[in-house]
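Now for the letters of each chain:
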Amino acid sequence: MNETYRFIGKGTPRKDGVDIVTGKARYIDDVRPGPMLHGKVLRSPFPHAEIKKIDTVKAKAAPGVRAVLTHADVPPWMTGMPRHVKVLDQRVRFVGDAVALVAADTLEQAVAALDLIKVVYEKLPAVFDMDAALAPGAPRLHDMFPGNVVSDFPAFGPNTLSKVVRGDVEKGFKDADFISEGTFGYENFANPLPIEPPGVIAQWEDEQRLTVWSGTQSASWHRWIMQSKMGFPDIRAITTQCGGSFGSKNYAPQCMFYAAALAKATGKAVKVSYTKDEHFGAFVLRLGSRFCGKIGMKKDGTVTALAGEWMVDNGAFSDMSQSQIAVGCGEAQLVINCENWNLSTKLVCTNRCPAGVIRGFGGQELESAFAPLLADVMTQAELDPVEFFKKNYVKPGGQYIWREGNLWTCRGKDYTKAMEKGAAEFKWKDKWKGWLKPTSAEGSQRTGVGVGIHGNADVGEDDSEAYIRLNADGTATIHASVSESGMGQRSSLCKMAAEILQLPLAKVHMTPPDTLVNPFDFGLVGSRGTYAVGSAVIDAAEDALKQLFGRAAPMLGVQSQDLETRDARIFVKGKPEQALTWSKAIGIMRSVTGYGEFKADYSVPNFLILFVEVEVDTDTGGIKLKKVTTATDAGRIIDPPSLHGQLFGALGSAGLDTAIFEETIIDKKSGHMLNMNLTDYKWRTFNELPEFNNIILETPFPTHRFKAIGIGEISTSPGPGAVLMAVSNALGKPLHEYPLTPDRILKACGKEKGNPK
Amino acid sequence: MIQTKNRQKKAITLTVNGNLHKLNIGDQPHEISPSYTLAQTLRETLGLTGTKVGCDQGACGSCTVIMDGKPVLSCMTLAIECHGSKITTIEGLADSITGKLHPVQDSFVKHSAFQCGFCTPGIIMASKSLLDRDPSPDPHHVKEALSGHYCRCISHYQVVEAVMDAADKGGQADE
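If you're matching them up, the sequences are chains A and B in order. The opening residue of the first sequence carries number 13 in the numbering used here; numbering runs sequentially from there. The opening residue of the second sequence carries number -14 in the numbering used here; numbering runs sequentially from there.
Derived from the structure by calculation, the hints contain no laboratory data. None of the values given here were measured: they were computed from a predicted structure. Treat the hints with care, as some may be off.
Under the rule of at most 16 Å between Cα atoms (straight-line distance), these lysine to aspartate or glutamate pairs were calculated in the EDC-like manner [stated by the list, open to error]:
(1) A:Lys745 with A:Glu394
(2) A:Lys72 with A:Asp85
(3) A:Lys36 with B:Asp80
(4) B:Lys95 with B:Glu146
(5) A:Lys445 with A:Glu416
(6) A:Lys611 with A:Glu351
(7) B:Lys95 with A:Glu416
(8) A:Lys310 with A:Glu134
(9) B:Lys128 with A:Glu703
(10) B:Lys85 with A:Glu416
(11) A:Lys407 with A:Glu432
(12) B:Lys154 with B:Asp123
(13) A:Lys36 with B:Asp123
(14) B:Lys128 with A:Glu700
(15) B:Lys95 with A:Glu710
(16) A:Lys65 with A:Asp101
(17) B:Lys55 with B:Glu146
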């Protein structure tokens, strides 16, 4: 690294840090844009039913109630992919599905009015898993999806990836020395469960202009995605600080519909904040994922063929499942470099809470499902999985079909060194004793190690725009539609701009996330903040500087290229005495605005390898996570604490712990969730932290001004498969089910209830 | 409506961040209902929205405030139970005149000991309370004291470092 930087790579305090620690940071439940009503949703107690009658007379007459809406009187807006989800429907499709909406002066009045709505349901048979949904004669959830299979894949254009067909699998299997075959699932429907429940405030400025406030992750989604679903009103989307998202709160389409419909009906601003119950039961879960197929491999670890079907459980409707399938199909090719593929997919509707966007976005679901298959074929070949992963991930020059259906050639970096450094830190070679062999065994305590890998080419996904305004007072204002949901990206963008403009960090600010004042940005997804958004901001800063120097050059009697700036002074290079303030160059009644953009680039995938060491107690069935090491290459770290935070995040948001204890349990008789609270839904506490080390290399990526690449999203994804491998090794037998609850461990040890050994 | 003789509104007093509040019990907009939680009263009635409500079920710790020297879950505490109490919220930690941050707050900023920041006020209040009780905890004590706090972003490692760093500085904030 030749260039030294003033801000890049240094841990600087988050710009919103003082607000966060003093309670000044404003989240959606903290903002009061003006007088507003409170909206509540009446939810279905049945997993599948037709609404025969709704009586709202009493509710409408209750104190403080301003509107009660049912399927008969909501606007005809539709969401879902393809469009199949109404604001309210006459049919309910999961326990918690929306039945009616109430707006009242106070929250208490709205809640009380829900009890006064009388609904007559005709119960319908329900399906809670893919087998039941696909069985002949199964009840159909949506008229437009015969057999409960969603076959329309419009996510990323006409060639959206819904299968991977490459080469000749028959020949591939003939060339294989080892073949593994089977069906494995990752169907625990874990909840990403940010601490803050979702909420939206909506207000119609006039018939065609809607303002929405929300605590969401991608500031522009409530405008550009929702406009087409609501008859193209002019939507102004404003985001507050977001109390965690992990993809799930990229936007909140249903919640926004409810608030906007009630606001339309009442002519007032309406706030709809979900309770934690609603957050658990009626927001988004991970996709259910099952892989049924086979893999062929040569003795040296070359994968010769991969064929099979990836079945995906959508829940009651699809919002972005097809997008996740497309990205999952792409990500599988990134980690298993193979010439011959025949991977088909099937997207299935069931009567459970719908799946939505979650960190890991398809790839985690697919890779976790076929982790046991990979493990089996490597076991046959007695191959060290680290060597296998190192050999089989896509390297520069390697090819993959990405989500929109195009074949891309990787022009990223070789991650082998990062993987080797991670293995060394973890002491993999000492701890790995071979497949199904514990690292140590003493009495009932057995330890084992496992490893997983994940990669994503979405780090340069979609488009971004940004403006930067240089002000005469020596400050700069970044205009970009970027929310703050925990990545620290707003601060990192200020750092990147400050570095280009050579302004103190305190002099660089961002406009609030508001689509009225900012140009388009796709949002903080797929680790695109650094490369995509960052490049647009850097581009804008460079454009602004060019204009600034263009103004200053004649004043100083030199050419633009002879100038440089620092701390809002412009100098002639090598002659610091020949200088001009920004104020003079710009003029106190003027400003200079630069524009920057980024166009989607899917050729630079990132990768992350994750090692785990577990201790399994064969008497209690408990699993203790002892050590986690991640290793990756960030090109150039923009902000060390923020990056480490993203990597530690492997333990949160329905990540690694979906292999140990995280699951949503649904009663298959009633369709009700049995653990929809923070006591029964298990989560990792401060007392259960493993040793956790992040090995981050900085090999310059020429694609970025500061040679950086985004890493954050992928840290959750390799964990589940790695844990399965580690526990299997500890116990000396292959385990396939997620999560590995004490019951399952004891069963694997032959110690089922009533059968003590 | 029946009017009783010598009708006197019931009221409670709370000292929040050094300010004494008299709150009438009732159902008018400026009054608090007997069913109001402390969290609701702080946030909705007194406008102190720094205290966060994550689960409203007493399981995530985000609503933690300090009452009479002890950390309590304000979503599980009725306001009427708090009559005469002294309460400190996240808004009351920094010096009210100079704005100087409390050492724990300062340390959290230095260590970026948060990601989304929603659990942070609760964690800071619990950490402050720990250091008041035990100025030199070891990391194990810190983890124990914070074990009821849900942080989904996984800022735990940076939080423990921040609390230990604040403890090492003996409660003195850096300039």
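Each hint, compared with the structure:
1. A:Lys745 with A:Glu394: holds (15 Å)
2. A:Lys72 with A:Asp85: holds (14 Å)
3. A:Lys36 with B:Asp80: Given pair Lys36 (chain A), Asp80 (chain B) holds - Cα atoms ~14 Å apart, limit 16 Å.
4. B:Lys95 with B:Glu146: holds (10 Å)
5. A:Lys445 with A:Glu416: Answer violated: Lys445 (chain A) to Glu416 (chain A) is near 42 Å, above 16 Å.
6. A:Lys611 with A:Glu351: violated (29 Å)
7. B:Lys95 with A:Glu416: Status violated; Cα separation ~42 Å.
8. A:Lys310 with A:Glu134: violated (57 Å)
9. B:Lys128 with A:Glu703: holds (13 Å)
10. B:Lys85 with A:Glu416: The given pair, whose Cα atoms are some 52 Å apart, is violated under the 16 Å limit.
11. A:Lys407 with A:Glu432: holds (15 Å)
12. B:Lys154 with B:Asp123: holds (14 Å)
13. A:Lys36 with B:Asp123: violated (30 Å)
14. B:Lys128 with A:Glu700: holds (9 Å)
15. B:Lys95 with A:Glu710: violated (23 Å)
16. A:Lys65 with A:Asp101: Roughly 12 Å between the alpha carbons, so the hint for Lys65 (chain A) and Asp101 (chain A) holds.
17. B:Lys55 with B:Glu146: violated (23 Å)
When held up to the earlier numbered hints, the structure conflicts with 5, 6, 7, 8, 10, 13, 15, 17 and fits the remainder.
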